[in-house]
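The listed protein sequences derive, respectively, from chains A and B. Once you know that position 227 of the first sequence is 270 in the working numbering, the rest is easy, because the numbers rise by one and skip nothing. Once you know that position 216 of the second sequence is 259 in the working numbering, the rest is easy, because the numbers rise by one and skip nothing.
By construction, these hints were calculated from the structure, which means they are not laboratory data. Beta carbons: idealized from backbone N, C-alpha and C, even for Gly. Worth double-checking, as some hints may not be accurate.
[Unchecked claim] Ranges of calculated distance between the beta carbons of each label pair, as one might list FRET restraints:
(1) B/Gln195 - A/Leu46: 25 to 31 Å
(2) A/Pro194 - B/Arg246: 44 to 50 Å
(3) A/Asp228 - B/Arg246: 55 to 61 Å
(4) A/Leu46 - B/Gly91: 52 to 58 Å
[To be verified] Examples of chain B residues toward chain A, derived with CB under 8 Å:
(5) Lys86
(6) Val89
(7) Ala92
(8) Thr137
(9) Ala141
(10) Thr142
(11) Glu145
(12) Val294
There are 2 protein chains.
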Amino acid sequence: MQLVTEAETRRFADPELCMEAVRECFIALARGTAQLNPIVIGKGQVAGATFSVKSGWSTDHGVAGVKIGAYWPGNELAGLPRHNSTIFLIDQQTGRIATAMEAAGLNGLRTAAADAIATDLLARLDSETLSVIGSGNQAQFELQMLLRVRPQIRKVLIGVRDPRRAGNLLQFLADRYKVAAEVVDIETACRNADILVTATPSRAPLVEAGWVRPGTHISAMGADQAGKQELSIALLKMARLFADYPAQSIVVGEFQHVAEDVASGSVGITAIGEVLLGQTKGRVSADEITIFDSSGVALQDLLVAQRVLAARDVSSIGKSNNAI
Amino acid sequence: MQLVTEAETRRFADPELCMEAVRECFIALARGTAQLNPIVIGKGQVAGATFSVKSGWSTDHGVAGVKIGAYWPGNELAGLPRHNSTIFLIDQQTGRIATAMEAAGLNGLRTAAADAIATDLLARLDSETLSVIGSGNQAQFELQMLLRVRPQIRKVLIGVRDPRRAGNLLQFLADRYKVAAEVVDIETACRNADILVTATPSRAPLVEAGWVRPGTHISAMGADQAGKQELSIALLKMARLFADYPAQSIVVGEFQHVAEDVASGSVGITAIGEVLLGQTKGRVSADEITIFDSSGVALQDLLVAQRVLAARDVSSIGKSNNAI
């Protein structure tokens, strides 16, 4: 087993690589050539700590493996990220674990890449205001990737309950981008958004239906366990719904809260891969509300890990050439 | 993340350590202080290759983690074991993966330890003939651990379809033990057993009810996925049934084939931990047939891994003392 450390993973995990891998993942899921196991969730010893185990495989990509994600809320007090991720790739010849890749940063980037792909497909091209709800580590990844697919954004609103927590995010934007940025309350962030991203561990709706303008695109990335919720059910029912993997989204994702309506056929969810494949249209009018739910699928992790390894291998070939 | 290689794991994984860890596991499960997630199963690229992901946690032991097991049947042609296992322990303070332990050998030993604990509780003390069905790697671990708890065994029968495959096992017994050993067909092995162990990847019953003498104890360790089966249903119905974890045994273990009878109450299964705790009696007569199903639980893996790490730490302290 080779161990790829967090530092090494971050060195080779660039945004474009993540976008490519996640795009391939969505297409493989829509085509049915990849499979995912149900997610299982365990508990840690400290209050509120949980870990998730996601696994899957794709014959098209010759990949199989597991991602263990951890959410340790107390980490923040110790100055550590609350989320951690490690990806394990299985050697297809022998069944042994070939690679263990520390992937806390990579996980943030791949999650934001998923939202960026969906946003690129679904948000209006004339979107000017991007609002993010939440100010954790993930919010920064989301801004980075969304500003990549919508460089015409002029204004970023950071919607938080406690404005003091948004300082890092404002600094990040000021250092790297020319957009205007402002910290506001959640309702204001929602009411003024053309594109809205929710990136919180919330277990109750944060975004009310009446706060969202016609034509808004929403990417909801927080919900990944039973009980989590960022958007009101009324909002889901007035929008067109898209998901990374509908079968998982209705169990652990944001759309778990309309699972019965999906079962009865009164609410439909489109796999985002079908939009990538041109099988289903994305946004069809300038005033519809579109919602993408990112519940997070193991195949994203396996494919980004494969690409990080490939990038590292290319780099080491380059190095040995230089050495000669 | 620290990586413990297969060689290092084997160095510290002694039988007693495994027995202790597995005993603690069964007690924690019976007390309800530990929890296990449902097992999920994935597929590898080559024919028949599958991997299983088992996870759990125990507040009593301050442990949480995951075991990834692989079954790659084609490995045999390459001279490699068909089974592989890796255990991952989660750092309870931060949620990061603290340890990745290669545990192919340890897995065999812990599985055999489970059967040995059950056999010690359930087999007659005057058992003389031990029969093992199967001649893979696991059969050797089973013999090693069972001869440990029943040193009075005089004869070992190896029941296989193809006698040529049993050579390694005969050699192992000749090198280490004084028991008589013989390779026979499966029916003969069953008909003469006081203790019978099945260690195969079978998907159809290998042992018929009429082949088993009154008073026999059977440990069935092969079944760990839906569809696997080593014992006939008629045999299950004439025996008293014990399992490492009844809730899992009726889904992926041998007792999946009487799951409906268990649900209706016509068949009962006792958690082996209850026998260890004295809450339920083990064998109550010399002529009843007892069957223990080992479906394999993640907590076994987590607790043996904890003990291997502790043994390694003690050893390294010893070394540094010597160095002074």
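Hints, one by one, checked against the model:
1. Between B/Gln195 and A/Leu46 the beta carbon distance is about 47 Å. The supplied range of 25 to 31 Å is therefore violated.
2. In this structure, A/Pro194 and B/Arg246 break the distance hint of 44 to 50 Å, their C-beta atoms being roughly 57 Å apart.
3. In this structure the supplied range 55 to 61 Å holds for A/Asp228 paired with B/Arg246, their Cβ-Cβ distance being about 60 Å.
4. A C-beta distance of roughly 29 Å is found between A/Leu46 and B/Gly91, which places it outside the suggested range of 52 to 58 Å.
5. The beta carbon of B/Lys86 comes within 5 Å of a beta carbon in chain A, closer than 8 Å, and the hint placing it at the interface holds.
6. Taking 8 Å as the C-beta contact cut-off toward chain A, the hint placing B/Val89 at the interface holds, the least distance being around 7 Å.
7. With 8 Å as the threshold, the beta carbon of B/Ala92 comes within range of chain A, its nearest partner Cβ sitting at about 6 Å, so the hint holds.
8. Against a cut-off of 8 Å between C-beta atoms, the interface hint on B/Thr137 holds, since the closest Cβ of chain A lies about 6 Å away.
9. Annotation: interface hint on B/Ala141 violated; nearest CB of chain A at approximately 10 Å, more than 8 Å.
10. Restraint check, B/Thr142 versus chain A: the minimum CB separation of about 10 Å is more than 8 Å; hint violated.
11. Look at B/Glu145: its Cβ gets to within about 6 Å of chain A, closer than 8 Å, so that hint holds up.
12. Given the 8 Å rule on beta carbons, the hint for B/Val294 is violated: about 13 Å separates it from the nearest Cβ of chain A.
Checked against the numbered hints given earlier, the structure breaks hints 1, 2, 4, 9, 10, 12 and satisfies all the rest.
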